[in-house]
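Starting from the known structure of chain A, fit chains B and C onto it as the hints suggest.
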Amino acid sequence: MTDTAAHAKPSAGSRAKRFLKPNVVLLALIPLFLLYLPRFVENTTLLQAISVATIFVMFAASWDILSGYTGQVSFGHAAFIGTGAYTVALFSKYEPGVSNELALLAGVLVAALLGVAIGVPCLRLKGPYLALATLSVAGALVQITFIYKEQLGGEDGIAGVKNVQDGAVTGPLGEGLSKLVLGPLTFGGKSPFDQYIYVSYFVALLAMVLVVGGLMLLGYGKRGLVLRSIQQDEAAAEAAGVPLTRYKLAAFVLSAACAGFAGGLYAQIRGTVALDLLSVDLSLLIIIIAAFGGAGSIIGPAIGAYAVILLQNYYLDRASDVFVEHPELKIGSFALLLIVVLIVAPRGLVPPLLQRLSGRGSPSRAAGAALTESA
Amino acid sequence: MDVLVQGAITSATIALVALGFSLVYGVGGIVNLAHGSFFMIGAYAAYAASEADMPLLVAAVIGVAAAMLAGVLLDRLVIAPIRHQEVAVLIATLAVAILVQSGVQFFFGGLERQLPGFVEGSVSIFGVDLRQTELLAGLMALVTIVVVLLVLTRSPAGRMVRAVAEDEEAAVLVGVRPERVTLYVLAIGAGLAGLAGVLVAPYGVLTPTMWLLPLTQAFAIVILGGLGSIQGTVLASVVIGFLDRFVAFNVKDGGIKIGLVTVAVILATLVLRPQGLLGKVAR
Amino acid sequence: MTALLEAEAVTRRFGGLTAVNEVSFTVEQGAAVGLIGANGAGKTTLFNCLTGFDKPTSGDVRLRGKSLLKLPRHKVVGSGVARTFQIVKPFPDLPVLANVMVPLIVRRTKGDVKAEALKVLQRVGLAHRAASPSSQLSEGDLKRLEMARALATGPELLLLDEPFAGLSTNEIGVLSETINQLKADGVTLVIVEHKIGSLLALVDRVIAMDQGRVIADGEPEAVMRDPAVVRAYLGGDPEAQEEAGHE
Chain A
17 MTDTAAHAKP
27 SAGSRAKRFL
37 KPNVVLLALI
47 PLFLLYLPRF
57 VENTTLLQAI
67 SVATIFVMFA
77 ASWDILSGYT
87 GQVSFGHAAF
97 IGTGAYTVAL
107 FSKYEPGVSN
117 ELALLAGVLV
127 AALLGVAIGV
137 PCLRLKGPYL
147 ALATLSVAGA
157 LVQITFIYKE
167 QLGGEDGIAG
177 VKNVQDGAVT
187 GPLGEGLSKL
197 VLGPLTFGGK
207 SPFDQYIYVS
217 YFVALLAMVL
227 VVGGLMLLGY
237 GKRGLVLRSI
247 QQDEAAAEAA
257 GVPLTRYKLA
267 AFVLSAACAG
277 FAGGLYAQIR
287 GTVALDLLSV
297 DLSLLIIIIA
307 AFGGAGSIIG
317 PAIGAYAVIL
327 LQNYYLDRAS
337 DVFVEHPELK
347 IGSFALLLIV
357 VLIVAPRGLV
367 PPLLQRLSGR
377 GSPSRAAGAA
387 LTESA
Chain B
-12 MDVLVQGAIT
-2 SATIALVALG
8 FSLVYGVGGI
18 VNLAHGSFFM
28 IGAYAAYAAS
38 EADMPLLVAA
48 VIGVAAAMLA
58 GVLLDRLVIA
68 PIRHQEVAVL
78 IATLAVAILV
88 QSGVQFFFGG
98 LERQLPGFVE
108 GSVSIFGVDL
118 RQTELLAGLM
128 ALVTIVVVLL
138 VLTRSPAGRM
148 VRAVAEDEEA
158 AVLVGVRPER
168 VTLYVLAIGA
178 GLAGLAGVLV
188 APYGVLTPTM
198 WLLPLTQAFA
208 IVILGGLGSI
218 QGTVLASVVI
228 GFLDRFVAFN
238 VKDGGIKIGL
248 VTVAVILATL
258 VLRPQGLLGK
268 VAR
Chain C
364 MTALLEAEAV
374 TRRFGGLTAV
384 NEVSFTVEQG
394 AAVGLIGANG
404 AGKTTLFNCL
414 TGFDKPTSGD
424 VRLRGKSLLK
434 LPRHKVVGSG
444 VARTFQIVKP
454 FPDLPVLANV
464 MVPLIVRRTK
474 GDVKAEALKV
484 LQRVGLAHRA
494 ASPSSQLSEG
504 DLKRLEMARA
514 LATGPELLLL
524 DEPFAGLSTN
534 EIGVLSETIN
544 QLKADGVTLV
554 IVEHKIGSLL
564 ALVDRVIAMD
574 QGRVIADGEP
584 EAVMRDPAVV
594 RAYLGGDPEA
604 QEEAGHE
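Keeping their order, the protein sequence lines are chains A, B and C.
Here my numbering = 1-based position in the first sequence + 16.
With my numbering, letter number 5 in the second sequence gets -8, and the count goes up by one each step, no holes.
Here my numbering = 1-based position in the third sequence + 363.
The shape of chain A in the complex, shown without the other chains (with noise of 0.2 Å):
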């Protein structure tokens, strides 16, 4: 069973580079920069697709912790973080006396135990059918929110969920983040509304910081290399004694905590949850994100997040009428870029940048190729 993973031989290149440390230094530059951005950037409809940018770089590295390190490629990934904003979204609906949070908390707990329940019957499976199960299973629960209509809202979704500046934590954060890189009196002179913005902007990038860095800290320290070498050869690792099961669930429930973790915090930046949060779109959406930033990196999908999400909610926009009126057009843009990229370059985009921030410059097989070369 373990001999479907017939990788392609690599011929040549140092792929073993992408496993080094990314450079330090470097990478902490990219939270300071985005944390000092918002004083130069007065334009508020880019900051907020910029913190929309950052949760999806939740979505992508909580994916590629489970697809991109352990080779369980997961196409339904929207399930974990739907779940997760679906939760927080129920709170605010039928007990909004609790805390912002706590609902948090329980998005994630209940995000977890979804991976568990779909981890468990996917252990065995690889490639096509892990794909095809937690396809179906995150489609199935697009259905559910028709089912709980009166609940959940079908595809009205649930409107009126309690904002990040609601919470007893993040709000009192947010603020006092806005205040300290653009001083009390900036902060206070804007509109209420500019002022969330700046809230939400610093709320998702401290939960991205910490997510990704914790991520990154697993996936470049020794439990990463474990979780590596199943997606290497599950049979050589259990010939190394690497407990299979534990590894692979555990991975399975962390990459769903984490995208729970910041589906909820989505739902709260955004103050509402519709079906977008379940859908195929999204799920695909995180896919073309990791293959265009690398998977298996952390980083590169990090990095491709803020790329992929930029052009869609901002960029494109400004670019052409016919995605304004066509929102849909974005989504098959992609998809049309991701099948033309695998079919040309099936490696991803980032990775060589990624080697010039690990200070070693030699060009290197990129990351993009465990997505495709693993079964």
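Mixed in with the good hints there might be a few duds.
PhoX-like mimics (lysine-lysine), calculated; alpha carbons at most 25 Å apart, straight line [stated by the list, open to error]:
(1) A:LYS238 <-> C:LYS433
(2) C:LYS433 <-> C:LYS482
(3) C:LYS418 <-> C:LYS438
(4) B:LYS244 <-> A:LYS165
(5) C:LYS473 <-> C:LYS438
(6) A:LYS178 <-> A:LYS109
(7) C:LYS429 <-> C:LYS558
(8) C:LYS477 <-> C:LYS438
(9) A:LYS238 <-> C:LYS482
(10) C:LYS438 <-> C:LYS482
(11) B:LYS239 <-> A:LYS165
(12) A:LYS238 <-> C:LYS473
(13) A:LYS195 <-> A:LYS178
(14) C:LYS433 <-> C:LYS418
(15) A:LYS238 <-> C:LYS546
No lab work stands behind these hints: they were computed from the structure.
Okay, now just chains B and C, sitting in the frame of chain A:
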């Protein structure tokens, strides 16, 4: 009774979709996540042709032809270059499914559409009132399946297909080119799914996301019936078809719960009997 | 005193075919045992049953008296039985050093895992390639890497599955030295090998199998002279005969 008659019809149309899905997997080792899209393309192409005032029969032919063309294009342009990279094929075909979805959304909008019935009026069978077009769909699907099965078991071409499905290396030794066979099977499988889409279009509902349920059901059928097993596929189609209608008629709000039940079947099968009802061992 | 490894009436059937039939033997601590037999004799199936990669239909496999059959594969490894693969299975995208670090990490090795891994690489003579991606190694080095990864699990018993397959005479010579060194270090070895000549130089006991059964077990020379072995194995395989003739 409703369940029996309509279940039979649904089984037949679902089997049309699942046969192609299963054969393409058996022959080319390719899991085509865009297989449900052929179903949608068939339905929408027929709808577009009928909107352009073409006769319904012509529209139906156009629907099937469009699906087959899509199958050929998918194989040549997308699958062929990355055939041996399993996960890349999965990702690329899912991307195609979303591409088709957004194309349909762009050209037809998100509203529900319906094709006029091929035949008007209704009939009564075993005391069940049916629209005639529904009955026609069932009969057409049934006839097509029988023809396909006969071709697969009796004709040289069909035997070749099964040879590749069962043992690719041996088939290569006797001069069969698996890539060719995959192309033909994919085209025919797409045509079959397209036909199912055309047949269902007068009483089903056309939306840009209609591809997902048939894909899920085809997956459930392949899981239940076992990989590449033709008998298994047909048998499992009957199971899923009847389950589909049973849920639709006997469960409150059944129509929207079909997918959920299908997924439950999938997960239960994976846990309890990963080799399927009568299939080879699942990987 | 109990032997290190005991196989008791191990039988493995696949449908109607009995690949391993009532095989019993013991391996003492510090021994080096060769397992030979023609293709299809059941060596690999037996090998898989001993290492937890396959479950016998009946019979028992014990390490220091404790049955291994109920244990999941990683626990079999954890209890001290390590294996290599006939067709090498490196983690191709990981550097050589990282390949060897994986078992050390899951064993919760204290201290510097990298240094430990380097020590293991030194034992098999691969330390100079520590930073290379394993996909760039030669076949001979890949066999060493397999051995290093198995050694890193801290085995009492190391089972090598055709370590010489696909290697040149030169490479076999170098690898034999490495294996001899492991033997001198006190590692108990079970080696499945077709190249009998090279094998006999390493082991102090040979078990010969034919059609799923043990047909001879004892001193290498005695086993090789055994009429049953000559008939069943050497008679049907000119290449192996030639190999043995060299010795």
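May I ask which of the numbered hints given earlier this structure violates, with the numbers listed in increasing order?
As far as the earlier hints go, 1, 2, 7, 15 are violated by this structure, in ascending order.
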